Each structure stands twice: as C-alpha cells, then as structure tokens.
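Per the working numbering, residue 1 is the first one in the sequence shown, and the count goes up by one each step.
If you are wondering where the hints come from, they were derived from the structure by calculation, not from laboratory data. In this text the structure is predicted, and so the values were computed from the model without any measurement. Hints may contain errors.
The calculated label-pair distances, taken between Cβ atoms and stated as ranges, are [claimed, not checked]:
1. P74 - S136: 19 to 25 Å
2. P74 - A111: 31 to 37 Å
3. E178 - A111: 41 to 47 Å
4. S136 - V66: 31 to 37 Å
Where is the CB? At the ideal position from N, CA and C, for every residue including glycine.
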Amino acid sequence: ARYTGVARAGLSKASSCFDLTSQLPTGRNATISSGDWSGVGTGANGESWDFQTCTFLVEAIGTNNVSDAFPPRPFTLTWLEAHCRARFGVTPSPHALANAWGFAPDALVDAGASRIIFTNGLNDGWSVGSVTNSLSDSLVALNMPNGAHHSDLSHFPPSPDDTPDVTDARARGAALIEQWLATLG
C-alpha cells in the first residue's frame, strides 16, 4: 500500500528512471549549478529561481546522503556567495526579506501577529527556513517528522497511505482554524 503511487504511474522494478543528464547542456562544462542545491532546472524558470536564491530567498539547504537521497553537499554561505558572484555578480542577503517585512519570529510576536499555522514536513530540505517551534498559542508550528514538501496540502482528500503524523497535523490544523473562526462570531 505504501507504493500505490508507483503502481498508479505504471512503474515497476523493470522500469528505468528518468535520466536527468538529458537536461544538461552539452560540452565540457555540462552541469547545472544553482544556489538551491535541490536543482533548479534549466531555462528562464531555473535561472529566475536561482537568482532569487542568490539574492533574497536564501535557503540554507544541505544534503548528506544519510537522511536524504542526494549526494553529500553541506550548505555553506561561502560557497553560495562564490556561486552567486560568478553567475550573477550579486551577493546573497539571507536576512533581507525577514528584516524588511518583519517576518523574523521575534518580529512576528512583537507585532502582535496571530492565527498563523506553520506546517513543516521535516523531510523537506526547505523546512530549515521555516518556523519549527510554536511562538505562542496562536503562532503554531505543526511538524511532521515523516512529512515531505507540501505533505499537508498535497492529498485532498487525504490518502489512507498518509503517515499518522501527517494525519495528525492536518487534524490539529483544521481544529485550530475552526477554533479561531468560532471566535470571530
């Protein structure tokens, strides 16, 4: 039951995987380098995402090939700075958006923000850039240890294959929203 998605896609053990190298340019420098090591792809979409990562949307994502399926690539700001200078002539500003919009966790509390749920699939490398600890009774972090990117949003209706932590996070989130809406009268 765990691999029903694979069966639905018509894949089997005999199926071959998509060869990502087919997306690489040809020649001596046939690589895709990007500030977001999850791989941004090619073309204008990939370039625009990489530029965002090189300016204000810095995500400190590293891989280790132990707890993930990717080659070991620890994140270092030094590497990202060198990559971004070479590719775009810019220097990353990791905290610029949070500072400009007051979205740092302390700033949210200080501004009196409320009724925000931060859901995090902890198997998602991008969760390192999220709020993973509740900041107050109404600034709530719901962490799913077995969750991936958008685990909380991807399957509607929920799948019987969802792990208990994903099911619980959805239920807790729905209960919080119902509670908050009830107070609005």
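Open item on the list: For each hint given before, does the structure comply? Return the numbers of the non-compliant ones in rising order.
Closed with: 1, 3
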